[in-house]
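Protein chains: 2
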Amino acid sequence: MNVLIVYAHPEPKSFNGALKDLAVAALTAEGHQVQVSDLYAMNFKAAADRDDFMMPENPDFFKYQLEQGHASRTNSFSQDIKEEQEKLLWADFVIFQFPLWWYSVPAILKGWFDRVFASGFVYGQGIGRYDQGGLKGRKAMVSTTTGSPRQAYTPYGMDGDIHEKILYHIHHGMLYFAGFEPVEPFIAWTPARDEEARNRYLDEYKKRLQNLSAIPSIPYHPTAHYDEHHQLKIEYR
Amino acid sequence: MNVLIVYAHPEPKSFNGALKDLAVAALTAEGHQVQVSDLYAMNFKAAADRDDFMMPENPDFFKYQLEQGHASRTNSFSQDIKEEQEKLLWADFVIFQFPLWWYSVPAILKGWFDRVFASGFVYGQGIGRYDQGGLKGRKAMVSTTTGSPRQAYTPYGMDGDIHEKILYHIHHGMLYFAGFEPVEPFIAWTPARDEEARNRYLDEYKKRLQNLSAIPSIPYHPTAHYDEHHQLKIEYR
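Those protein sequences? They're chains A and B, same order as listed.
Take the first sequence: its position 154, counting from 1, is numbered 154 in the working numbering, and each next residue is one higher.
Offset between the second sequence (1-based) and the working numbering: plus 1000.
Because the hints were derived from the structure by calculation, they are not lab data.
It is possible that part of the hints are untrue.
Stated by the list, open to error - List of simulated lysine-lysine pairs, DSSO-like, C-alpha gap at most 30 Å: (1) Lys1165/B - Lys45/A; (2) Lys82/A - Lys1045/B; (3) Lys1165/B - Lys136/A; (4) Lys63/A - Lys1165/B; (5) Lys207/A - Lys82/A; (6) Lys1013/B - Lys1063/B; (7) Lys1045/B - Lys165/A; (8) Lys1013/B - Lys63/A; (9) Lys1045/B - Lys45/A; (10) Lys1136/B - Lys165/A; (11) Lys1013/B - Lys45/A; (12) Lys13/A - Lys1063/B; (13) Lys63/A - Lys1063/B; (14) Lys1087/B - Lys45/A; (15) Lys1087/B - Lys1136/B; (16) Lys1165/B - Lys165/A; (17) Lys13/A - Lys1045/B; (18) Lys136/A - Lys63/A; (19) Lys1063/B - Lys45/A; (20) Lys1013/B - Lys87/A; (21) Lys1063/B - Lys206/A; (22) Lys1136/B - Lys63/A; (23) Lys1206/B - Lys45/A; (24) Lys1063/B - Lys1045/B; (25) Lys13/A - Lys1206/B; (26) Lys136/A - Lys206/A; (27) Lys1045/B - Lys1087/B; (28) Lys207/A - Lys1063/B; (29) Lys207/A - Lys87/A; (30) Lys63/A - Lys1207/B; (31) Lys45/A - Lys82/A; (32) Lys165/A - Lys1063/B; (33) Lys1082/B - Lys82/A.
Construct all of the structure, not just a fragment, from the sequences and the given hints.
Here you go:
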C-alpha cells in the first residue's frame, strides 16, 4: 500500500517522533511505500488566508470556501497545499501522528486540515460528504499520545469518553467527512511518565503496523439515510 | 465587566467580523470595558514551538509543557504570549468569535489555546484543572457560525449533536479545563446563505450582549468527585 504519515511534533526526539520513525521502518519492511509530511520540519503554514490562492477570484471580499472552490477549478492553490493534496491522492492509508493537545490536534495540524481539505477537493463542487467524500476508498488512522491516564478518558472520567466525546470531531468531522474510512486509533496513554510503557507501546504499534489491513474500522452512520435537511430519516416499518 | 473578544476570521467584512464589531459597540454602550484580540490582524503565530520561550530550560530536548512551566516560573514567555495572558487575567468574561471549521476552531485560534493556555498559567505547577483551573471566576462564551443547517447538528443529524459531540472538546476540554465557567454558545446557522437571517442573528446577539450576566451557564461535572485516577467516584447510598 501507499502510506502517508502526517506528523506534527516540534521535537524529533519525542515519543511521537519515535512512533513516526518506527512506522516508517516497519511499513517499509513490509513492502509498503511510505511518505512523511513532517509539518514542523516543513514549517507548514497553519493559518488559512489569502496566500493560499495564486489567482484569487475576489480579493475584495475574501471568502475562504469560495476561493477553495475556485482554486480547485483553476488548479491555483499555493504550492504547499497542492503537494499535500497530491500525497493524499497517492495514498491508500494515512496515519496522523500527533500529541493530543487541548482535546484536539496541534494547531499546525489543524491548519493542515483547514487548508488541504479544500472545498472542491474533499467535498463540494459536486463531491459529496462522509461516505461520498472526495477521499473515499482510503483508510485513516489516528496515532496519538495523551497527558492524562486512560481512566480520565472513560465515560465517567474527568476528561470524558475519548471516542465519543473527544476524538469524535476528528474521526467523524475531519476524516470520515472527507471520505476516509477511519480505523481504530492507536493511543499511548501518558507515555512521558514511564519508559517501560513506552517500550510496550512501541512493540504493540509495530505489531499493528505489520498487519495494516487487519485494523478494524470504526463504524459510522451511513449517510445514505439522511434527508435533504441533513437529518437522519428513520423509516418505521 | 472587563470583556475580552478573541476573534479569528481572515475577512473583516465577514459575518464573524460583523458579530465582533456589534459586540464591541453593544458592550461599550452598556458600560463594559472591551479589548479585542484580532488574531488574523495580529498575524498571531499558530504553531507552538521553541520561539515561544525567551530562556529555554532544555534546548537539546524540547518538551513544550515543561518549557511552559519553566517560562511561567521565570516570566520568560515570548511577548505575544505574555500579552494574551495579561488580557485573560484582566478579563471577567471572554468571547470567542470564530467560524466552525472542521468541527473545531480555525488553526490560528487553536494555536492561541496551545500557546497561551500554558502549564503554570491555567493548570499545573500547583494550579488545578476544571473548576480549580487558573482562570476560575471568569466566564467564557463561544460565538460561532456554521456551514451546515441546524438539523445536521442534532443527535440524529448528519454531523452529530453540536453540544455533546462537537463543541464538547472546546467547552469542556479548553474552556472549563482552564477554569472558565462556559455559558451557552451563540450559534448562527449557515448565515452565509440568507441576509434576512443575518439581520435576525445580529438583533438576537445584541439583546444577549445587553444582559451579559444573565446568559445561562452550561452545567458540567464537578471535579470534586474525581478520585486519584481521574475517574468519577460514585458513592452509593
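Tested hints:
Between Lys1165/B and Lys45/A the alpha-carbon distance is near 28 Å, which keeps this suggested pair within the 30 Å criterion. The hinted pair formed by Lys82/A and Lys1045/B meets the criterion: a straight-line CA distance of about 23 Å does not exceed 30 Å. With a CA separation close to 23 Å, the supplied pair Lys1165/B and Lys136/A stays within the 30 Å bound. Simply put, Lys63/A and Lys1165/B have alpha-carbon atoms about 27 Å apart, close enough for the 30 Å limit, and the pair holds.
At roughly 33 Å between alpha-carbon atoms, Lys207/A and Lys82/A are farther apart than 30 Å, so this suggested pair is violated. For a cut-off of 30 Å, the pair hint linking Lys1013/B to Lys1063/B is broken: about 40 Å separates their Cα positions. Using a Cα cut-off of 30 Å, the hinted pair Lys1045/B and Lys165/A holds, with the two alpha carbons roughly 28 Å apart. For the proposed pair Lys1013/B and Lys63/A, the alpha carbon gap of about 10 Å is at most 30 Å, so the pair holds.
A hinted pair counts as satisfied when its Cα atoms are at most 30 Å apart, and Lys1045/B with Lys45/A qualifies at roughly 10 Å. For the hint pairing Lys1136/B with Lys165/A, the CA-to-CA distance comes to about 23 Å; that is within 30 Å, so the pair holds. Distance restraint check for Lys1013/B and Lys45/A: the Cα-Cα separation of roughly 23 Å lies within the 30 Å cut-off, and the hinted pair is therefore satisfied. With a C-alpha separation of about 10 Å, the suggested pairing of Lys13/A with Lys1063/B holds against the 30 Å cut-off.
Proposed proximity of Lys63/A and Lys1063/B is contradicted: the alpha carbons are some 37 Å apart, above 30 Å. Annotation: proposed proximity of Lys1087/B to Lys45/A holds, straight-line Cα distance about 26 Å (limit 30 Å). Straight-line distance between C-alpha atoms of Lys1087/B and Lys1136/B comes to about 15 Å, which keeps the hinted pair within the 30 Å bound. Between Lys1165/B and Lys165/A, the direct Cα distance comes to roughly 5 Å. Compliance with the 30 Å bound is thereby established for this hinted pair.
Among the hinted pairs, Lys13/A with Lys1045/B is consistent with the structure: their alpha-carbon atoms are about 23 Å apart, no more than 30 Å. Restraint check for Lys136/A and Lys63/A: the C-alpha separation of about 26 Å stays at or below 30 Å, so the hint holds. A hinted pair counts as satisfied when its Cα atoms are at most 30 Å apart, and Lys1063/B with Lys45/A qualifies at roughly 21 Å. At roughly 34 Å between alpha-carbon atoms, Lys1013/B and Lys87/A are farther apart than 30 Å, so this suggested pair is violated.
Restraint check: the Cα-Cα separation between Lys1063/B and Lys206/A comes to about 25 Å, which is no more than 30 Å; the hinted pair holds. Between the alpha carbons of Lys1136/B and Lys63/A the distance comes to roughly 37 Å, so the proposed pair goes past 30 Å and is violated. The hinted pair formed by Lys1206/B and Lys45/A fails the criterion: a straight-line CA distance of about 35 Å is larger than 30 Å. Taking the CA atoms of Lys1063/B and Lys1045/B, the gap is near 19 Å; set against the 30 Å cutoff, the hint holds.
At roughly 50 Å between alpha-carbon atoms, Lys13/A and Lys1206/B are farther apart than 30 Å, so this suggested pair is violated. Between Lys136/A and Lys206/A the alpha-carbon distance is near 26 Å, which keeps this suggested pair within the 30 Å criterion. The straight-line distance between the Cα atoms of Lys1045/B and Lys1087/B is roughly 17 Å, inside the 30 Å bound, and the hint therefore holds. Taken as a hint, the Lys207/A and Lys1063/B pair is honoured in the structure, with Cα atoms around 28 Å apart against an allowance of 30 Å.
The hinted pair formed by Lys207/A and Lys87/A meets the criterion: a straight-line CA distance of about 25 Å does not exceed 30 Å. Simply put, Lys63/A and Lys1207/B have alpha-carbon atoms about 28 Å apart, close enough for the 30 Å limit, and the pair holds. Annotation: proposed proximity of Lys45/A to Lys82/A holds, straight-line Cα distance about 13 Å (limit 30 Å). The straight-line distance between the Cα atoms of Lys165/A and Lys1063/B is roughly 27 Å, inside the 30 Å bound, and the hint therefore holds.
Taking the CA atoms of Lys1082/B and Lys82/A, the gap is near 36 Å; set against the 30 Å cutoff, the hint is violated.
Hint check: violations occur at hints 5, 6, 13, 20, 22, 23, 25 and 33; the rest are consistent with the structure.
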